[in-house]
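Throw the hints in and build the complete structure from the sequences for me.
Sequences listed follow chains A and B, in order. Following our numbering, the numbering of the first sequence begins with 1 at its first residue and continues without gaps. Following our numbering, the numbering of the second sequence begins with 1001 at its first residue and continues without gaps.
By construction, these hints were calculated from the structure, which means they are not laboratory data. Don't take every hint at face value.
[What the hints assert, rightly or not] Heads up, simulated DSS-like pairs for lysine-lysine below, C-alpha to C-alpha not over 25 Å straight-line: (1) B/1228 <-> B/1039; (2) B/1079 <-> A/205; (3) A/205 <-> B/1002; (4) B/1002 <-> A/190; (5) B/1199 <-> B/1239; (6) A/92 <-> A/123; (7) B/1155 <-> B/1039; (8) A/205 <-> B/1039; (9) A/279 <-> A/92.
[Claimed, not checked] Some but not every residue of chain B turned toward chain A, in silico, with C-beta under 7 Å: (10) 1002; (11) 1068; (12) 1110.
Since this is a predicted model, take the numbers as computed values, not measurements. Note that CB positions come from ideal geometry on N, CA and C, so glycine has one too.
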Amino acid sequence: MPATYRIRFRLASPLATPLHSGTLFGNLCWAWRYLHGEASLGQWLCSLREDPFLISDGLPAGMLPRPLLKPARVRAMTLEQIQVHKKLRKRKLIPRAVFEELRNGMSEEALQQRLARLEEEEKKKLERMTPHERGRLGREERVRTPHNRIHRITGRTPEEGGLFFTEELWATGLMLYRDVYVQTSLPQAKLEELFRQVARWGYGKDATWGRGRFDGVEFTPETGGLFDGRLPRAMSLSHGSLTPNMAQARYQLETHYGRLGGAYAASASPFKFPLLLAKPGSTFEAGPGPFGELLDGVHPAMPAVRHNAWHLFVTYREAD
Amino acid sequence: MKLVHIYTITGTIETVTGLHIGAGKDSIEIGGMDNPVIKHPHTGEPYIPGSSLKGKVRSLLEWALHKVDPDGQVWGFNKKTRIDNINNDEILRIFGTTHEDWSGGPTRVSVRDCHLTKACREMIHERGLPFTEEKTEVVIDRIQGKAAGNIGPRKTERVPGGMEFDLEIQFRVIDTGDGGELDMKCLNRLIEGLKLLEKDALGGSGSRGYGKVRFKNLAVDGKSIQEKFDSISAIDPQKPGEIVKAGAGVEG
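Next comes the structure, spelled out in structure tokens:
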């Protein structure tokens, strides 16, 4: 019987690769391979079609994706209301508590009203805060950093191809914390071992420059009810593929340009085929799962390479 | 290919002279700094990027081990270069490569950004000092003996001498059929690379005296190697010294 865990950690360095579900899974696979060998990893991968490993994206702590709901009915609004409405529609994440509060009667209208109230509360709270308290809240920002290669003979940057840029996510304060949800029948100890290995070495690209490290990894079995119950609709927390059992789906697509990692990263052809995946927040009818799939044939030369495109989901009821 | 152990090298980097690791500049401000140093985008504190440290140590080891590409490229970067016994190449094992003949496994080293030590940050706050200094330089017209008119004075930002940064390097020893023996040699080679850096310079303008650094309190998995590190006098390209021994961590 699979169990669900919330894994909370603190980013201990900038992040060069977004915490997408499929990439997180790939990093865990490499941790497995280095710790237990290729044969053991192969066995685990073969068992996944019967016993899927569902993993969410890395979300800011305490947040969930905003569900894609039926558009709100058009009503007459003042200019000011339209501006507020537009601002609220841009929020890609909602607090978990708001989702839990509305899950039995979710609608775009109800969600917007709740978010407008929340925004007001947050504004007042911020006004009462001391500068020190505001500093503790922290912030996050995508930063473009220049790098160069040094010509070994001249000791200077080569005129052609020497200068390059990387884009990284830098965060401070409470914005450093992330939640990942996992549903698996792996023992908790095994899951902890894999996550701690990834945390120590670094996640995603540029780990050899210290990118993608995290610490303070905490595992909490999810018994709070978020994943319990079977309400009529489901919201995905992952980047996953669309499968025929996802009826009445509302989704936004994203092209995923994957690369091989670990020991394969330096191979002659590290690029996978582009994948079209539904983003977290996609909603669909919560029939018998699992939703999404373990995709194979994702690399032109390596048939063993797969991509975890399953959806870890939470259910809710949409108001009429 | 199996992971044997991840070693953690820790310590402190002390700047002996001013250090300039450039940040590039998106905008031009009147009276602004010509060459700023790289800083944390939120706190504004200077730091030593892991990429700079890794790149410099790699470059120094390439020279020490007679592995400088005649084209000036990074060793192993030029995919057409023939490298004998490529999978046992120490540089490529330690620092990684995209060479098409490579099958020696993943990059072994991971160097973190080095941020100011807590003590150093507190000392600067207590004394109300700035984190960086400005150094003005000019080009002298060789005939007239005064500053050249078309260039004029320029200001360079530096981290002053005496600042301390936390160092953390991870090194994974992978068994590629030898029980991890070759990677243990690579770990020792990397430590020798740090010694080379002490003798050379980090960041820009090394030939003008910038970027001299010193490593202090060096330890591998918590066990001090400072004494052994200080005693490294020369690099033998054939065989690295034995500062860290497999399993036992630091040589007794």
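Exercise. Out of the numbered hints, which ones does the structure contradict?
Worked result: Result: hint 1 breaks, nothing else.
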